[in-house]
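*Asks:* The primary structure of each chain is shown beneath.
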Amino acid sequence: MSPAGVSAPDALADALLAARLCAIDPGLGGIVLKGGEMLREAVLAELRAGLGPERRIPVNVDDERLLGGINLTATLAAGRPVRREGLLAEAAGGFVVLPMAERLSEAVAGRIAAAIDTGEARFVTIALDDGVEADARPPAALAERLAFHIDLTDARPGAALPPVAPAARAADPPGAIEALVTTAAALGIASARAPGFALRAARAAARAEGRCLVTVADLALAARLVLAPRATQRPAEPEAAEAPPPPPEQGEGQEEAATDTPPLDDLVLAAALAALPPDLLARVAEGRSRQRARANGAGERRLGHARGRPLGARAGLPGGGKRLSLIDTLRAAAPWQRLRGRQNRVLIRRDDLRIRRFEARAEALTIFAVDASGSSALARLAEAKGAVELLLAEAYVKRAEVALIAFRGTGAELLLPPTRSLTRARRSLADLPGGGGTPLAAGLDAARLLAEAARAKGRTPFVVVLTDGRANIAADGSTVRALAESDAAAAARAIGLAGIAAAFVDISARPRPEGAMLAATMRARYLPLPRADAAAMHAAISAVQAA
Amino acid sequence: MSSVCYKRFVRRSFPFSAIVGQDEMKQALLIAAVDARIGGVMVFGDRGTGKSTAVRALAALLPPVPAARAGYQDGTPRKGRVPVPFIDLPLGATEDRVVGALDLERALGAGEKAFEPGLLARANGGFLYIDEINLLEDHIVDLLLDVAASGENVVEREGLSVRHPARFVLVGSGNPEEGELRPQLLDRFGLSVEVRTPARLPDRIEILKRCDGFERDPDGFAATWEKAERKTLRRLARARDALPDIDVPDEVLGYAAQLCMAVGADGLRGELTLMRAARAVAALEGAGAATPAHVAAVAPMALRHRLRRNVLDETGSTVRIERALADLAQAA
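So the protein lines, in turn, are chains A and B. For the first sequence, the residue numbers in this note's numbering are 99 to 645. For the second sequence, the residue numbers in this note's numbering are 102 to 433.
Excised from the complex, chain A in its bound form:
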């Protein structure tokens, strides 16, 4: 389900072929095209050759334009309701292009996905993904419904495909379905949509060459274009023995599935597996970023100006997410009716239009920077974990998110990216290791960077540092105690200067003045809690946060 596709120099040929297959069978949904600025034009040209109208959907499209509705300007001018068709309906039989799909809101993606599901207007969707960061990806609800995910980042320009006359329909060889399902299972693809897309792609590939029988090569192609980009694990194949161990999320059930393969399917399966991209390994290794992206997506986009507590109205034109406030518009128009020569209908001019304003509460993000060094006894660490889980348990009620940074040894690590999911939190907390030195400076810096990033996204960060305050690893990793302490003080001052609200929990058995001093430079509340358990720690932090 990772929308990032296979990146290879000849990806353009794949993309062109994918476009052709979509034109032959619009049921394939479409393509997620990552990167490849100029090359995309060639792909779109290929689509134009086979499909009807083309519509571009801007990221900030409103429902009226997307699904159809009243054309307000025309309605006011004509004095009677003037409707206009939605972009999706206009694109029937053709295709829609979504530029900057990684910035598409879940809501718009959800509506397009619903339109694809109901199939009222058949259209092919091309999502152009310009995301640079790993967690900026088109919404999963949409990507899931598009058969092809192709990365053009490293692609080289190539020649267009020669035109052909596609066959009317193509029949599968026996065992095709089994082979595709087996491959999908071996790659750890849970969704039932993926093998379905692969089957359609294989048939379309046969038709594209004017054949009416699907060959092994078609199935291999479908596995490469449709299944490979969605892989979440390496197939448990004998020839993969030299590969590094699969990521822990791999279920044992999948391995069984792969070994249970009936002998009849072996030929097709082997052909499909051989066609899998060589860089699958590398992408499987970064599989964690996939989950991160999914967890992040929901939070950020909640901060719309289109909902929340109503704040009253102001003059302006509706559209682009702004909604007309009808009562206020009529109220604004009322005094002028006689002057405007009203006969039997209300005369409304552009200037009368009022739009609604809403206040959406910024979400809070509590960042825990936990000292997991040897000096913070392991028992303290367990209590800190407990406090994080308790805070998380009430996070949803308070519309808050929680993140966890652990620092030990020579550096800090973001163990839990901002989330409100208990499931994820438990998983990352469970294997938080302890021991080693205390790189306090690194921990504080990591917390500050995360807090600043959260603030840039409109959230309100709150940093909770749990440590014994005894820094002994400097920012550059050296073990000079004096340097370590001055680095920690500098990092603490940076937090204070950035104006990030913070609390400093001293968890050492006998609190010493260093802790209080660090807290003061951080402009943080100082909470010496030498013997607190998880519940007490949680209560103290909640009290500070509420203040």
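No wet-lab data here; the hints were simulated from the structure. What you are looking at is a predicted structure, and each value in this text was computed from that prediction instead of being measured. C-beta atoms are modelled at their ideal positions from N, C-alpha and C, and glycine is treated no differently. There are no misleading hints in this set.
Covered, in the sense of this in silico footprint (three residues per stretch, anywhere, with C-beta under 8 Å from a C-beta of chain B), are these stretches of chain A: (1) 202 to 213; (2) 271 to 278; (3) 284 to 292.
Estimated spans, in silico, between C-beta atoms of each pair: (4) ASP252/A / GLU253/B: 56 to 66 Å; (5) GLU423/B / PRO531/A: 29 to 39 Å; (6) ASP428/B / PRO531/A: 29 to 39 Å.
Below, simulated SDA-like cross-link-like pairs (lysine to any residue); rule was C-alpha separation at most 20 Å, straight line: (7) LYS214/B / ALA430/A; (8) LYS310/B / ASP123/A; (9) LYS310/B / TRP326/B; (10) LYS310/B / GLY125/A; (11) LYS214/B / THR173/A; (12) LYS332/B / ALA161/B; (13) LYS214/B / ILE425/A; (14) LYS214/B / ASP450/A; (15) LYS214/B / VAL256/B; (16) LYS310/B / LEU311/A.
With the hints as your guide, set chain B onto chain A.
*Replies:* Structure of chain B alone, referenced to chain A:
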């Protein structure tokens, strides 16, 4: 704004009986269809596990309902029958769209004050399906659960004062990885089920075969399943008729209460749902009275989302319920 359409699913639906596996989800949906007072079904699971297919299929399976009990009722008498409403609530739906608002067209064109019914009105008598309910705005979820519980939508806004019936089966779906649902909201759902992609390869192959068969020839595919569909429908119709006469003996009520206490389910909603669901299952099975076995069969889906969560305890809710069931069986 008023005229944005969330059309009903018009294409032929995948037959309910043709869905491979997912027995718990199908059972929960049938229970909710037998007794709408159960109060909705929450489905947890990954994308592409057939959640929306199952809900749509059930709505399409049900026989047409009298027009006087489906859709927006403005007080004028309606005749004839209409298909069971199935409304897909989009994630970004605004409050206006959900509860209804002033009819912009008529206000601008004719200067009339008229009510434009929202999605709640259109879902009356049918199903309201919300994919990824955990991503929906909180205040909308509150509103939905409120209306779902009371069966009536009260609109007091923009100078409008309207109330209309809104009785529907709320079906929510979500992925727990993408954010938790507040416990107090979860508790308002009658049943909750967890769906996964079938782990067995033959099942997966069967799924693809059936999906492909359906896509190639929807009508022909539907025809081959028509007998099974009619059977399900008859079972459902008989269960609905029998429901008021199903007896729930005191010993069954006692068993349900004991079970709730054993697993530590808060509130009375658990026992109430357990009782109603057991009765619906008895009706579906053609039994005259509910038995402890019926209670045990529905206990996981009726209780798993009501357990007080101990954040430091890893044990899944389903396991805790099964353990309690085993303990009770031993004690008896």
